[in-house]
Amino acid sequence: MQYKSWCKLTLILISSGFLAACSKSVDIDSKTNSKNTLRVDIGAEVPTLDPALAEDGYTYRVINDLFAGLVDFDQANRPIPGMASSWEISPDGLTYTFHLKPNLKFSDGSPITAKDFVFSWQRLINPATGSSYAFLLKDVLNGADIITGKKPASALGVYAPNAETVLVKLYHPSNAFLSYLTVPNVFVVSQAAVTKYAESWTAPQNMVTSGAYVLKEHILNGYILVSKNPAYYAESGVAIQNVKYFPFVDTNSAIANYKTGALDMTWQNVPVDQYQALKKQYPDELHTFKWERTDYLNINMTLPKYAKNVKLREALALAIDRQSLTKLVLGGAGQTPLYSIVTPTVEGGKYADIRYSWSDWPRDKQIALAKELYKEAGYGPNNPLTITIKHQNNDLYKKVMVAIMSMWQDTLGVKVTLVSEERKVLNNDWRNASFDIAQGGWGADYNSVTTYTPLFVCNNGNNRSHYCNPKYDALINQAEATANPQSQEQLYKQALEVALNDYQIIPLFQPTHQRLVAPRIKGYDIDSNYLDNLQTKWFHFAE
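Sequential numbering from 1 applies to the sequence shown in my numbering.
Some clues are possibly wrong.
[Unchecked claim] Label-pair ranges, simulated between beta-carbon atoms:
#: 1; residue 1: Pro384; residue 2: Lys522; range: 55 to 61 Å
#: 2; residue 1: Thr97; residue 2: Ser154; range: 19 to 25 Å
#: 3; residue 1: Asn206; residue 2: Glu372; range: 36 to 42 Å
#: 4; residue 1: Ser90; residue 2: Ala256; range: 54 to 60 Å
#: 5; residue 1: Thr148; residue 2: Glu489; range: 22 to 28 Å
#: 6; residue 1: Thr148; residue 2: Asn428; range: 45 to 51 Å
#: 7; residue 1: Lys105; residue 2: Gln490; range: 43 to 49 Å
#: 8; residue 1: Asn432; residue 2: Leu220; range: 36 to 42 Å
#: 9; residue 1: Ser200; residue 2: Ser34; range: 26 to 32 Å
#: 10; residue 1: Lys522; residue 2: Lys375; range: 57 to 63 Å
[As the list claims (entries may be wrong)] Listed below are the simulated DSSO-like cross-link pairs for lysine-lysine, each with C-alpha atoms no more than 27 Å apart in a straight line:
#: 11; residue 1: Lys308; residue 2: Lys290
#: 12; residue 1: Lys471; residue 2: Lys305
#: 13; residue 1: Lys259; residue 2: Lys151
#: 14; residue 1: Lys290; residue 2: Lys327
#: 15; residue 1: Lys196; residue 2: Lys35
#: 16; residue 1: Lys471; residue 2: Lys151
#: 17; residue 1: Lys259; residue 2: Lys279
#: 18; residue 1: Lys415; residue 2: Lys398
#: 19; residue 1: Lys280; residue 2: Lys398
#: 20; residue 1: Lys216; residue 2: Lys305
#: 21; residue 1: Lys101; residue 2: Lys115
#: 22; residue 1: Lys290; residue 2: Lys522
#: 23; residue 1: Lys415; residue 2: Lys308
#: 24; residue 1: Lys522; residue 2: Lys279
#: 25; residue 1: Lys522; residue 2: Lys35
#: 26; residue 1: Lys196; residue 2: Lys290
#: 27; residue 1: Lys415; residue 2: Lys327
#: 28; residue 1: Lys105; residue 2: Lys228
#: 29; residue 1: Lys311; residue 2: Lys279
#: 30; residue 1: Lys311; residue 2: Lys471
#: 31; residue 1: Lys244; residue 2: Lys311
#: 32; residue 1: Lys375; residue 2: Lys365
I should point out that these hints are in silico values taken from the structure, not numbers from a laboratory.
Keep in mind it's a predicted model, so treat the numbers as computed, not measured.
Every residue, glycine too, gets a C-beta built ideally from N, C-alpha and C.
Whole structure, please, built from the sequences with the hints as guidance.
As structure tokens, then:
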């Protein structure tokens, strides 16, 4: 079959090391070898340290250490008391009353009161802030109208009846609301610091934090250094004094530093061509576990050639051989083919039946339909489709995109150009619809299908394909306003079927996490943390 040729090409590229990522090496100085400093890779330079503007796992890794919220989370990703020692939910599910722990303080020693949470939430949802995570508060009274500019941020249904109480009014009941509050975008920030320093409030000399650590240094593309916050409410439980985060774009550099003992923990998946060898060399240190995440391609739905041609979009989805992608290109490290816009594992598999009708077909039948749809879409040998794919400049995605390029060329005759970009550049291209087709991915923030459903809502900040179908939005709104769990689930399924069959993204695979963790790190229950949300305060060093 035609798809064998791309397999041969990809394997040659992988074995030759041609696709190894190249990046400026990051120096880990000798000071970080001390016993009181954790040295971790975060995979890329963080675009921001402002909780309201964070939108990727690299940034969350740091912000989870710097800031805290009403609700915390454990290593199994379950909501637990944070700055709120307890809360009550009214019988109708519309009112949440949070009781703050006594004597909460910011890192500068100033008190944290209920008004600080009101400020932080109003700031997050205010369109002027520009947060793509404002949707976390859309279930709060007036939240949706604030996001669309119909009401001011001050109308948000969050109140401070006194210094120790945060009162939240919801527009409708939400089973996932407490989980939303574990996401760092809703963590509390200092109104005084934000007001005084404006956009520069996140600079080390200006930042005031609420979490377990305080920012000390931030060297762009070099490292971020944080130290233990003595004012943190749970300071006595924080064992590690300092954390140094390194933005290794090149996974080979991260592995090399880990091998020398200069790095305690890697971030990104290990290089594909090294996985089996590293698994043998570090059987107790290389952890591989299923990740609640989707990896996919965004199709730019603002471009007429895609927006008006669903047959073309389906043909492109069909032409990708996901079995070969996971087994050959990704090295057989537990990744699974994905034929849906949500994972089959979220909420214990409730949505596993949402998948393409052709997902179980023999490969030759999928190829035949892809060719037929491609022709019906108006393309062929005399009029080939030309595509540019933008992707993140790391080892993994370079290999994946080369494979997809070969599949599309061999199966359909598509002409493909690959463009490699830094993550922060790719972020801007997503946001501005400045791409043809682009790598995409979404790691769940909590174990609910609602971590995925906003990705396809019209004008949502994380809707990278810029897709908009009012029928989908109407079903999502109906589901969110439904209190009965069974009825709500059915409405979500109907909505997902609509978005699935619109082919605005092309799902590729559900990844695994592959992380090297040094033996000196204790207290990390890595295999139960399927969302991969981390906090350094969980860890301690071996005696």
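Results for each hint:
1. Pro384 - Lys522: 55 to 61 Å: Between Pro384 and Lys522, where Cβ atoms are some 56 Å apart, the hint holds.
2. Thr97 - Ser154: 19 to 25 Å: holds, 21 Å
3. Asn206 - Glu372: 36 to 42 Å: violated, 60 Å
4. Ser90 - Ala256: 54 to 60 Å: holds, 55 Å
5. Thr148 - Glu489: 22 to 28 Å: For Thr148 and Glu489 the Cβ distance comes to about 27 Å; the hint holds.
6. Thr148 - Asn428: 45 to 51 Å: violated, 23 Å
7. Lys105 - Gln490: 43 to 49 Å: holds, 47 Å
8. Asn432 - Leu220: 36 to 42 Å: violated, 22 Å
9. Ser200 - Ser34: 26 to 32 Å: holds, 30 Å
10. Lys522 - Lys375: 57 to 63 Å: holds, 60 Å
11. Lys308 - Lys290: At roughly 36 Å apart (the allowed maximum being 27 Å), Lys290 and Lys308 break the hint.
12. Lys471 - Lys305: holds, 22 Å
13. Lys259 - Lys151: Given that 27 Å is the threshold and the Cα spacing comes to 55 Å, the pair is violated.
14. Lys290 - Lys327: holds, 15 Å
15. Lys196 - Lys35: violated, 37 Å
16. Lys471 - Lys151: holds, 25 Å
17. Lys259 - Lys279: Holds, because 13 Å separates the two Cα atoms, which is no more than 27 Å.
18. Lys415 - Lys398: Given pair Lys415, Lys398 holds - Cα atoms ~17 Å apart, limit 27 Å.
19. Lys280 - Lys398: At roughly 25 Å apart (the allowed maximum being 27 Å), Lys398 and Lys280 satisfy the hint.
20. Lys216 - Lys305: Judged against 27 Å, a Cα distance of about 49 Å means the pair is violated.
21. Lys101 - Lys115: holds, 14 Å
22. Lys290 - Lys522: holds, 21 Å
23. Lys415 - Lys308: Judged against 27 Å, a Cα distance of about 20 Å means the pair holds.
24. Lys522 - Lys279: Within the cut-off at roughly 20 Å; holds.
25. Lys522 - Lys35: holds, 13 Å
26. Lys196 - Lys290: violated, 43 Å
27. Lys415 - Lys327: Satisfied, since the Cα-Cα distance of roughly 25 Å is no more than 27 Å.
28. Lys105 - Lys228: Holds - the C-alpha atoms of Lys228 and Lys105 are around 14 Å apart, at most 27 Å.
29. Lys311 - Lys279: Since the Cα atoms of Lys311 and Lys279 sit roughly 42 Å apart, the hinted pair is violated (cutoff 27 Å).
30. Lys311 - Lys471: With Cα atoms ~20 Å apart, Lys311 and Lys471 stay inside 27 Å; holds.
31. Lys244 - Lys311: violated, 49 Å
32. Lys375 - Lys365: With a Cα-Cα distance of about 16 Å, the restraint between Lys375 and Lys365 holds, given a limit of 27 Å.
This entry does not satisfy hints 3, 6, 8, 11, 13, 15, 20, 26, 29, 31, going by the numbered hints stated previously.
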